[in-house]
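Start from the sequences, fold in the hints, and give me the full structure.
So you can see what is in the structure, the chains are spelled out below.
Protein chains: 2
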Amino acid sequence: MRSVPRQVRVVEVGPRDGLQNEPAVLPLDQKVEFVRRLAACGLPQIEAGAFVREDRVPQMAGTDALFRRLAAAIGGGRGQAADAGAPVLSALVPNRHGMERALAAGAGEVAVFTAASDAFARHNINMTVVESLVRFRDVLAMAAEHGLRVRAYVSTAWWCPYTGRVAPDAVRRVAAALTEMGCYEIALSDTTGAATPAEVADLVERVAGDISVSRVAVHLHDTRGTALANVLAALEAGVATVDAAAGGLGGCPYAPGASGNLATEDLLYMLHGMGVKTGVDLDALAAASCWLAGAIGRTLPGRYLSAGPVVPAEAGQSTDAKV
Amino acid sequence: MRSVPRQVRVVEVGPRDGLQNEPAVLPLDQKVEFVRRLAACGLPQIEAGAFVREDRVPQMAGTDALFRRLAAAIGGGRGQAADAGAPVLSALVPNRHGMERALAAGAGEVAVFTAASDAFARHNINMTVVESLVRFRDVLAMAAEHGLRVRAYVSTAWWCPYTGRVAPDAVRRVAAALTEMGCYEIALSDTTGAATPAEVADLVERVAGDISVSRVAVHLHDTRGTALANVLAALEAGVATVDAAAGGLGGCPYAPGASGNLATEDLLYMLHGMGVKTGVDLDALAAASCWLAGAIGRTLPGRYLSAGPVVPAEAGQSTDAKV
Numbered sequence: 466m467r468s469v470p471r472q473v474r475v476v477e478v479g480p481r482d483g484l485q486n487e488p489a490v491l492p493l494d495q496k497v498e499f500v501r502r503l504a505a506c507g508l509p510q511i512e513a514g515a516f517v518r519e520d521r522v523p524q525m526a527g528t529d530a531l532f533r534r535l536a537a538a539i540g541g542g543r544g545q546a547a548d549a550g551a552p553v554l555s556a557l558v559p560n561r562h563g564m565e566r567a568l569a570a571g572a573g574e575v576a577v578f579t580a581a582s583d584a585f586a587r588h589n590i591n592m593t594v595v596e597s598l599v600r601f602r603d604v605l606a607m608a609a610e611h612g613l614r615v616r617a618y619v620s621t622a623w624w625c626p627y628t629g630r631v632a633p634d635a636v637r638r639v640a641a642a643l644t645e646m647g648c649y650e651i652a653l654s655d656t657t658g659a660a661t662p663a664e665v666a667d668l669v670e671r672v673a674g675d676i677s678v679s680r681v682a683v684h685l686h687d688t689r690g691t692a693l694a695n696v697l698a699a700l701e702a703g704v705a706t707v708d709a710a711a712g713g714l715g716g717c718p719y720a721p722g723a724s725g726n727l728a729t730e731d732l733l734y735m736l737h738g739m740g741v742k743t744g745v746d747l748d749a750l751a752a753a754s755c756w757l758a759g760a761i762g763r764t765l766p767g768r769y770l771s772a773g774p775v776v777p778a779e780a781g782q783s784t785d786a787k788v
Numbered sequence: 466m467r468s469v470p471r472q473v474r475v476v477e478v479g480p481r482d483g484l485q486n487e488p489a490v491l492p493l494d495q496k497v498e499f500v501r502r503l504a505a506c507g508l509p510q511i512e513a514g515a516f517v518r519e520d521r522v523p524q525m526a527g528t529d530a531l532f533r534r535l536a537a538a539i540g541g542g543r544g545q546a547a548d549a550g551a552p553v554l555s556a557l558v559p560n561r562h563g564m565e566r567a568l569a570a571g572a573g574e575v576a577v578f579t580a581a582s583d584a585f586a587r588h589n590i591n592m593t594v595v596e597s598l599v600r601f602r603d604v605l606a607m608a609a610e611h612g613l614r615v616r617a618y619v620s621t622a623w624w625c626p627y628t629g630r631v632a633p634d635a636v637r638r639v640a641a642a643l644t645e646m647g648c649y650e651i652a653l654s655d656t657t658g659a660a661t662p663a664e665v666a667d668l669v670e671r672v673a674g675d676i677s678v679s680r681v682a683v684h685l686h687d688t689r690g691t692a693l694a695n696v697l698a699a700l701e702a703g704v705a706t707v708d709a710a711a712g713g714l715g716g717c718p719y720a721p722g723a724s725g726n727l728a729t730e731d732l733l734y735m736l737h738g739m740g741v742k743t744g745v746d747l748d749a750l751a752a753a754s755c756w757l758a759g760a761i762g763r764t765l766p767g768r769y770l771s772a773g774p775v776v777p778a779e780a781g782q783s784t785d786a787k788v
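Protein chains in written order, with the numbering used here: chain A, 466 to 788; chain B, 466 to 788.
Among these hints, one or two may not hold up.
The list treats identical chains as one, so a pair stands whether inside a single copy or across any two.
As the list claims (entries may be wrong) - Below 20 Å or equal to it, Euclidean Cα-Cα: the simulated SDA-like pairs (lysine to any residue) are:
{"no.": "1", "residue 1": "Lys-787", "residue 2": "Asp-675"}
{"no.": "2", "residue 1": "Lys-787", "residue 2": "Asn-591"}
{"no.": "3", "residue 1": "Lys-742", "residue 2": "Gly-507"}
{"no.": "4", "residue 1": "Lys-742", "residue 2": "Arg-471"}
{"no.": "5", "residue 1": "Lys-787", "residue 2": "Thr-593"}
{"no.": "6", "residue 1": "Lys-742", "residue 2": "Gln-472"}
{"no.": "7", "residue 1": "Lys-742", "residue 2": "Gly-550"}
Derived by calculation from the structure, the hints in this document are not laboratory data.
Encoded structure:
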C-alpha cells in the first residue's frame with residue numbers, strides 16, 4: 466500500500482443524493498431531524514437538499530424551509546460556517562433560479578452538477594455538458610458575489626450507463642473547465658458504481674495533474690461492491706475528500722442498475738481502522754441511519770449498519786496463540 | 466496504487482465455507498450440480514466439502530459421496546488434477562479420520578483449519594492452537610505419503626470475536642509453524658470481517674517475510690464492506706491467491722456478527738476491471754449463484770449479483786463531453 470492522507474474530510478450526501486433517490490418522500494420535520502442528528506456526529510459538511518423543481522423531484526420539496534430551519538437549529542448556513550462544531554450545510558443548485566433560492570434560504574455552500582458523457586447529461590439534465598457549463602456561469606458569478614464556495618459533481622467519470630467507458634481526457638477537460646470557472650472542488654462521480662481501483666487511481670492522477678489533488682473529491686456508489694476499494698485507490702493517489710451517504714441511502718433513478726451510495730458507516734469503519742482521522746463519531750452516525758431507516762420504512766444496504774461494531778465478548782484478555 | 470499481480474488464483478469456497486454456514490442443508494444431488502456448475506466457470510480450485518462429523522455439521526453430510534460423484538462427473542480428484550480444465554477439488558479435514566475419508570473419496574487436495582487466537586480455537590474446534598497443530602501432524606504425514614498438497618487456514622488473523630485485536634506476531638508464528646510442518650499455503654482469514662486495509666497490508670508483509678508471499682492467500686469476509694479494499698491491499702503486497710464464495714454465501718456460526726464471505730462475483734468484477742486475469746467466466750459464475758440462490762431459497766448478499774453487468778444501452782456510440 467502507498468501512504469494515505471492522515472485526515473479525510475467526509476462529505477455526507479445522504480439528505481440530498483440519498484433521499485433524492487429514495488421512493489419515500491420524507492416530511493420536512495423528519496428531514497430537519499435527520500440533518501440535526503447527522504450534524505451532531507461531527508461531520509464537517511452535509512449536503513442537505515437541492516433547489517430543484519419540486520414538481521419534478523418531490524423528494525427535494527421544501528428545501529427552502531429546510532435550510533431556514535436548519536440555520537436556526539444547528540447553524541452551518543451562510544456566514545455561520547465558522548460556528549464551533551457546526552457543519553457546512555450545502556445544497557445542489559441546477560441554475561440561476563436555484564441559486565437565488567439557495568441565497569434566500571441561507572445555504573452555506575452550493576454544488577453544481579454535470580457529467581463527462583453527453584448521453585448521460587441529456588438523459589439526466591436535458592442538455593449537453595457544454596450547455597450545462599454555460600448555464601453555470603450565472604451561478605458562479607452570483608456565488609462569487611455573495612462569497613459562497615461552489616463544488617462541482619462530474620457524473621459518469623468512469624462509465625456511462627448509456628454508452629459505456631468514458632475517456633479520461635473528457636473528464637479532465639470538464640474538471641479543468643469547472644475549476645477555471647471558479648469551482649473549488651471537483652467530485653469525480655461513479656454514478657453507476659462501475660469503476661474499479663486501477664481506473665480510479667489513473668483518473669485521479671490525470672485530473673490532479675491539471676488542477677491539484679487537493680481539489681479532487683470522489684463520489685462513489687457501491688453497486689458492485691467496489692466502492693471502498695476505489696476509495697483506497699483514491700486515497701493512495703492523494704485524495705482527502707470522500708462523499709458518502711448515511712446507511713448507503715439512495716442510488717440514481719436515471720442510471721439503469723445503479724444502487725446505493727457508499728455507506729458513510731462503511732467508509733468511517735475503514736478509515737478509522739486505518740488510523741485516518743475524520744472527526745466523525747461512527748456509532749452516532751449508525752444510530753442516525755437506524756433512525757432514518759425507521760422513518761423511510763426500509764432496511765438500508767450499508768454493511769456496517771447490519772453487522773455493527775467489533776465487540777469482543779471477552780475483550781482485554783488476550784489469548785493470542787502460544788506457538 | 467502499487468502494482469498488483471497480473472494473474473490471481475481464485476479459490477472458490479462456496480460449497481464448503483459457504484454452504485457449511487447456511488441454515489439450509491442442500492441435498493447431495495444439488496451439491497453435485499452446484500459444484501459442476503462452478504467447475505464449468507473455469508475456477509482453478511473449488512473447496513467442495515468437509516470431512517467432519519455429520520451429526521455436528523449436517524450441512525457437510527455426504528461429502529464422501531459428493532467427492533466420488535464429482536470425480537466421475539468433472540475430474541479434479543486425486544491423480545486427476547492434470548486433466549485439462551478440471552479444477553482442483555479440495556476438502557477440509559479436521560483430523561486423521563477426516564484425512565482417511567478424504568483419501569478414500571479421492572479428494573484432490575486437503576485443507577486444515579486453526580486460528581491465531583486460543584479463545585476462538587477453543588470455541589470453534591475445542592482445543593488450543595498448539596493442540597490443533599499437534600493433531601495436524603498425522604494429517605500432514607498421511608498427505609505426504611499420498612502426494613496430496615495441504616492448505617492451512619489461520620482464522621482470526623486480525624481480530625478475534627472474543628478477545629479483540631490479535632497480535633501480528635502470533636499469526637506469524639502460527640503461519641511459520643504450519644509451513645514448517647509442510648502446508649504449501651497459508652490462508653490468512655478475517656473470520657469476522659473486521660480487518661481494514663492497512664492491517665491487511667501489514668500482516669501480509671510480516672508473514673511473507675517469513676514464508677514468502679507466494680505461500681500467502683487471503684480469505685476475507687465482507688461483514689463491514691471492507692473485503693474488496695482488503696483484497697486490494699493484499700494484492701499490492703504481492704498476494705496472488707484469494708478465496709471467495711459464490712454470491713457471498715455463508716458466514717461463520719461461531720463468530721458473533723459474522724456475515725457472508727466475499728462474493729466471488731464482486732472479486733472477479735474488480736479483478737477483471739483492473740486487467741487482472743483469473744481464467745474465470747464472471748457471467749457463468751453469477752448464473753451458478755442464481756441457481757444456488759433458488760436451491761437454498763434465499764437472496765444472496767453479493768453486490769454484483771444484484772446489480773449485474775455494466776450494459777450500455779447505446780454502447781459503441783461514444784458521447785464523451787465535447788468541452
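Tested hints:
Taking identical chains as interchangeable, the C-alpha atoms of Lys-787 and Asp-675 lie at most 20 Å apart only when they sit on different chains, with a minimum of 18 Å there against 54 Å within one chain. Taking the shortest Cα distances, Lys-787 and Asn-591 sit within 20 Å of each other only across copies (16 Å), while inside one copy they are farther apart (66 Å). Taking the shortest alpha-carbon separations for Lys-742 and Gly-507, only the intra-copy value of 12 Å comes in at or below 20 Å, while the best inter-copy value is 42 Å. Only within a single protomer do Lys-742 and Arg-471 lie at most 20 Å apart by alpha-carbon distance; the minimum there is 6 Å, versus 33 Å between protomers.
For the homomeric pair Lys-787 and Thr-593, the shortest alpha-carbon distance between copies (9 Å) is at most 20 Å, but the shortest distance inside one copy (65 Å) is not. For the homomeric pair Lys-742 and Gln-472, the shortest alpha-carbon distance inside one copy (5 Å) is at most 20 Å, but the shortest distance between copies (34 Å) is not. In this homomeric assembly, Lys-742 and Gly-550 come within 20 Å of each other (Cα to Cα) only inside a single copy, at 16 Å, whereas the closest approach across copies is 48 Å.
Of the numbered hints stated above, none is contradicted by the structure.
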